[in-house]
Structure formats: structure tokens, C-alpha cells
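Kindly generate the complete structure, drawing on both the sequences and the hints.
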Amino acid sequence: MTDMNTALEDALAGVLAEHERGLLARAVVVAEVLDEDGERSLSILTTPRVMEWDALGLCRYGVLSIEGPAAAYFAGGDL
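Residue 56 in the numbering used here is what sits at position 74 of the sequence shown, and the numbering runs on without skipping anything.
Heads up, a few of these hints could be off.
Said to hold, decoys possible - Here are the computed distance ranges between Cβ atoms for each label pair: (1) Val12 / Asp(-15): 11 to 21 Å; (2) Asp36 / Val15: 15 to 25 Å; (3) Met(-14) / Ala57: 39 to 49 Å; (4) Pro30 / Arg3: 16 to 26 Å; (5) Glu18 / Ala53: 16 to 26 Å; (6) Ala57 / Asp(-8): 35 to 45 Å; (7) Asn(-13) / Arg42: 17 to 27 Å; (8) Glu49 / Gly4: 19 to 29 Å; (9) Val15 / Ala57: 29 to 39 Å.
It is worth saying that the hints were derived from the structure and are not from the lab.
Heads up, the beta-carbon is just placed ideally off N, CA and C, and yes, glycines get one too.
So this is what it looks like as C-alpha cells:
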């Protein structure tokens, strides 16, 4: 566990509490970041104690929850 993972957990828990969304159990964040030269890369961060298989499951579920509505939109709602 790193300080960054703990800071991420604290920040997300605070935002969720502020907006009355419940208690944070665990999280995976996929962020596009720019380095000093403007090069883009993806950074994958998790809250502390998230196992790799849990992170994969959370990401896959997130992808499916985006793909379904997007596919329906592009198919004109005919799915």
C-alpha cells in the first residue's frame, strides 16, 4: 500500500460522502495523465487492499455498463 492509494481512498470517500452517495468500499480509477513533455499515458490506481482480480472485475463491470447504453444509442435504440 502506498501513500497515493491511501490519499485516493480518502479523496474518493470524501467526495462520495459530500454528495451522499454512501460509503466507499473499494475503487479502481483509470486516469489519462500528461507528463512534463505532454506525453499521454494511462494510470491505473486502486484504493488500498484491492486485489488484482477484484480490480479486473470492477473494470469489466464498468465497461459493460458503458457499452450497453452506447450500443443502444448507436443502434438507434433497436437492441
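Hints and how they fare:
1. Checking the proposed 11 to 21 Å range against Val12 and Asp(-15) shows it holds: the Cβ atoms sit about 20 Å from each other.
2. Separated by about 23 Å at the C-beta atoms, Asp36 and Val15 satisfy the suggested range of 15 to 25 Å.
3. Between Met(-14) and Ala57 the Cβ separation comes to about 40 Å, which falls inside the hinted range of 39 to 49 Å.
4. The hint said 16 to 26 Å for the Cβ distance between Pro30 and Arg3, and at roughly 20 Å that hint holds.
5. Here the CB-CB span from Glu18 to Ala53 is close to 38 Å, at odds with the stated 16 to 26 Å.
6. Distance hint check for Ala57 and Asp(-8): the Cβ-Cβ separation is about 41 Å, which falls inside the suggested range of 35 to 45 Å.
7. Between Asn(-13) and Arg42 the beta carbons are some 21 Å apart, a value that agrees with the proposed interval 17 to 27 Å.
8. For Glu49 paired with Gly4, a C-beta distance near 25 Å keeps the hint of 19 to 29 Å intact.
9. Between Val15 and Ala57 the beta carbon distance is about 33 Å. The supplied range of 29 to 39 Å therefore holds.
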